[in-house]
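A.B. asks: Same order as they appear, the protein sequences are chains A and B. Take 565 as the starting number for the first sequence in my numbering and just add one per residue. Take 2 as the starting number for the second sequence in my numbering and just add one per residue.
Bear in mind the hints are in silico, worked out from the structure with no lab data behind them. It is possible that some hints are incorrect.
As the list claims (entries may be wrong) - 20 Å max Cα-Cα, derived SDA-like pairs, lysine to any residue: (1) 43(B) x 785(A); (2) 75(B) x 805(A); (3) 910(A) x 43(B); (4) 907(A) x 35(B); (5) 910(A) x 780(A); (6) 38(B) x 706(A); (7) 43(B) x 777(A); (8) 43(B) x 901(A); (9) 43(B) x 704(A); (10) 43(B) x 706(A); (11) 43(B) x 778(A); (12) 907(A) x 39(B); (13) 43(B) x 640(A); (14) 880(A) x 640(A); (15) 38(B) x 83(B); (16) 43(B) x 903(A); (17) 61(B) x 797(A); (18) 43(B) x 719(A); (19) 910(A) x 785(A); (20) 43(B) x 911(A).
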Amino acid sequence: MSRRAIQAFLGLAAVLLGASVTNGFFSASPRRNRALGRYLLAGIPALAVWIALYWVLEPFSRWAAFDLAGLPEGSRFGMAVQFFLFEAPKVLMLLLLVVFGVGILRSFFTPERTRRILAGRRESAGNVLAALLGVPTPFCSCSAVPLFIGFVTVGVPLGVTLSFLVASPMVNEVALVLLFGLFGWKVAAIYAGTGLFIAIFAGFVIGRLKLEGWVEEWVYATSAGSGLGGEEQITWAERVSAGLQAVRDIVGRVWPYVLAGIAVGAGIHGYVPTNAMAHLMGRSAWWAVPAAVLIGVPMYSNAAGIIPIVQALMEKGAALGTVLAFMMAVIGLSLPEAVILRKVLKPKLIAVYFGVVALGILAVGYLFNVIF
Amino acid sequence: MNLDIRVAGPGCRNCQELESRVIKALEDLRVEATVVKVTDFKDIASLGILATPGLIINGKAVLQGKLPSVGIVKGLILEAMRS
Chain A
565 MSRRAIQAFL GLAAVLLGAS VTNGFFSASP RRNRALGRYL LAGIPALAVW IALYWVLEPF
625 SRWAAFDLAG LPEGSRFGMA VQFFLFEAPK VLMLLLLVVF GVGILRSFFT PERTRRILAG
685 RRESAGNVLA ALLGVPTPFC SCSAVPLFIG FVTVGVPLGV TLSFLVASPM VNEVALVLLF
745 GLFGWKVAAI YAGTGLFIAI FAGFVIGRLK LEGWVEEWVY ATSAGSGLGG EEQITWAERV
805 SAGLQAVRDI VGRVWPYVLA GIAVGAGIHG YVPTNAMAHL MGRSAWWAVP AAVLIGVPMY
865 SNAAGIIPIV QALMEKGAAL GTVLAFMMAV IGLSLPEAVI LRKVLKPKLI AVYFGVVALG
925 ILAVGYLFNV IF
Chain B
2 MNLDIRVAGP GCRNCQELES RVIKALEDLR VEATVVKVTD FKDIASLGIL ATPGLIINGK
62 AVLQGKLPSV GIVKGLILEA MRS
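The shape of chain B in the complex, shown without the other chains (with noise of 0.2 Å):
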């Protein structure tokens, strides 16, 4: 199964932390996965985001408006492969 991940945000810090602890948790769970920045508002509205950095996964928002530990992105990521 192809895993699309985004980080939405629009380039604070909190949106590039985020992306690095999303690419460290599919290295700690040696998971391949596409993932892309969504930094224009048109688009981080569209996908439902009202606060940043906000975390989608297979076109699922799953996150928002909070940096979540290494620990809690690869929760997310386990919980989206298995549905």
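Next up, chain A with everything else stripped away, as it sits in the complex (with noise of 0.2 Å):
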């Protein structure tokens, strides 16, 4: 799997070098130049050193867990450090990666721009539009109620509006790349496209209920403001430079979650014995699904501390579908968000909403562990 993640994430580089090259060189003024050739110059070696590190770090985590620290190679804690040592850098260095091509990724799209596609457009196809941008457009939870303002004040519908605000958090670059690094692609594929089902579903369904009544009054009585108007004008050498933002803000956020998460997860990996969880997750446990969305809608964290975790559970026996109704309940809902949107969403709509998500969520739970 390794040698494929290298194979896709060189492709990743060549195209954003030649798309900065092709872009950047031929238009922008010298000054930006150099600083895209500064970039460009810092950025090839230390893709190859990325590259490099990335390769041995198997190797490197056996030698360190059982030679260096003379750890016995069957035994419950070498077996713990060795997954810690090569899990928790290996996560880490493909935040790093996707966390700065994403941040690149996002430069294209502005909540405005996301706003202007969005405007006008019919339910059903402005469901599926809405959750597709959802993924890449910028967002953090503060912005969720200006954000829901301004949308359906210049004509998102409310349904829309909503698939929006399920998919942002749901299917997010930091849980994906852990389901990837712990996971594989299939399952980081299958998380990706049932969150962006469930957020095209409920936003549908909350739009057929025709739930606009529940909306605070006052919203629809706002008048937004044009915002900042024209497009932005940014060059490749801004970009990059977004992209490095990025890294810094969003790993240097999580990764202590991470490291914590994965902490977890080697001391369930070495000590928990294998099938132990089967009786309690597993797939024959029909309350499971229903009780890991119970259990996973309070609870807040991150993506990044509670999918290591996750994924020693379903080494111990947890069923696919479980674990994933799990952390879509954990990721996707939280009373947090609640409590921000309560100031424009009256409680029953609020109601409708976590109501109709977890819904999905129990589906997708369902329906994985009767195919997986």
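The task is to assemble the complex, starting from two chains supplied on their own in separate frames and drawing on the hints.
C.D. replies: Listed below in structure tokens is the structure:
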């Protein structure tokens, strides 16, 4: 898998470099070219070092755990240590690279551009588009309310707006990197696909229910300002710097959670007997999926903290559907989010919103427990 | 000319950081301005801000959804003073 990963990243890097060369060198001013040239000069060796390190991580972790520290190879503690020494740097390295790439990608998507695309869309097609745009559009939870007001007041339908608000936190780059690194690309793709599906479904259902009356009255009475107006002119050097900024912000924020999550995961990996979770979270326990959702919703953690733990549970016999449902409930729905949204949505609508999304998560959980 | 700067945000970390960077930029430039924080969501929306933190100079939204460096804030202030 690691070889495939490297090929994918090389491809991505080549596309980015190619695009930056054609776009930057022929259009921008000499000063900007120099900035971009410096980024390229630093970026290519950095990428080479990244790839070399990624290659040696596994042998290094074995060497460090079993030779350097002298832990016996079959021992529980040894297994836990080796697991941590391999997975923690691997996931952090993947995060660095992907968050950087996504940071560059995001410089193409501003909330304003997304709003322009969605304004005046009909439902259904609008829901699909909103969910898809929810992934790359930069968004933080404290922007949920201004974004909501800004969307609905220019005529983005309520259901379409909610599709965006569901997809945005649920399908995010940190979650996808962790899933890719710890579970492989198949589970990451399944998660992204079903997460988008739930966002589309929930927004569509709420749109059909015609619940505009359950939005606080003052929201529709607000006349949203025109915002920034024209398109921002942004150069490739600025896009690269936006990517670096994203690395500082996001990796700088989540790395303690990643390490803590992987440490707990490593403990489970080493100490919990195989199949211990089969009884509790396995496929045969029909109540496991709703229980996972019920426990997950009030929990507030980010993908970085929860996914390594969940991965370890799955290794010990928890079923994929149950695990997916738990993950989505923790990441996609949270009480702080409900509190923020309460400013614009009446409690009844928040209840429907959480209810419909939770239903979608339940359906996904059962579906995957049946299929796999 | 009187410079009117508003920082829009409900009070998250980035919004507070933006306010202190604006103050730093003004100090560096030795420019006087009134700096007001806009925390009410209704007011934020009517300024046209979709993503916080937002920066509004003389009634015009110049930046939103990202935390600019002090240097960029200085540039935005100078640009607003020229126009």
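A.B. asks: The structure should be examined with respect to each hint, and the outcome stated for every one.
C.D. replies: Hints, verified against the model:
For the hint linking residue 43(B) to residue 785(A), the alpha-carbon distance of about 10 Å falls within 20 Å, and the restraint holds. This hinted pair checks out: residue 75(B) and residue 805(A) have alpha carbons roughly 18 Å apart, not beyond 20 Å. For a cut-off of 20 Å, the pair hint linking residue 910(A) to residue 43(B) stands: about 16 Å separates their Cα positions. Note on residue 907(A) and residue 35(B): the hinted pairing is violated, with a Cα-Cα distance of about 28 Å set against a maximum of 20 Å.
Taken as a hint, the residue 910(A) and residue 780(A) pair is honoured in the structure, with Cα atoms around 6 Å apart against an allowance of 20 Å. For the proposed pair residue 38(B) and residue 706(A), the alpha carbon gap of about 15 Å is at most 20 Å, so the pair holds. Taken as a hint, the residue 43(B) and residue 777(A) pair is honoured in the structure, with Cα atoms around 18 Å apart against an allowance of 20 Å. Distance hint between residue 43(B) and residue 901(A) is fulfilled; the C-alpha atoms sit about 18 Å from each other, no more than 20 Å.
A C-alpha spacing of about 18 Å is found between residue 43(B) and residue 704(A), which places the hinted pair at or below 20 Å, so the restraint holds. With a C-alpha separation of about 14 Å, the suggested pairing of residue 43(B) with residue 706(A) holds against the 20 Å cut-off. At most 20 Å may separate the alpha-carbon atoms for a hinted pair to count; residue 43(B) and residue 778(A) meet this at roughly 17 Å. Distance check on the hinted pair: residue 907(A) and residue 39(B) sit about 16 Å apart at the alpha-carbon level, within 20 Å; holds.
For the given pair, residue 43(B) sits about 56 Å from residue 640(A) by alpha-carbon distance, which is inconsistent with the 20 Å threshold. Annotation: proposed proximity of residue 880(A) to residue 640(A) holds, straight-line Cα distance about 14 Å (limit 20 Å). Between the alpha carbons of residue 38(B) and residue 83(B) the distance comes to roughly 23 Å, so the proposed pair goes past 20 Å and is violated. Proposed proximity of residue 43(B) and residue 903(A) is supported: the alpha carbons are some 17 Å apart, at most 20 Å.
Straight-line distance between C-alpha atoms of residue 61(B) and residue 797(A) comes to about 17 Å, which keeps the hinted pair within the 20 Å bound. Restraint check for residue 43(B) and residue 719(A): satisfied, since their Cα atoms lie roughly 17 Å apart, inside the 20 Å limit. About 15 Å separates the Cα atoms of residue 910(A) and residue 785(A), which keeps this hinted pair within 20 Å; it holds. For the suggested pair residue 43(B) and residue 911(A), the alpha carbons sit about 19 Å apart, so the restraint of at most 20 Å is met.
Of the hints listed earlier, those the structure fails to meet are numbers 4, 13, 15, in rising order.
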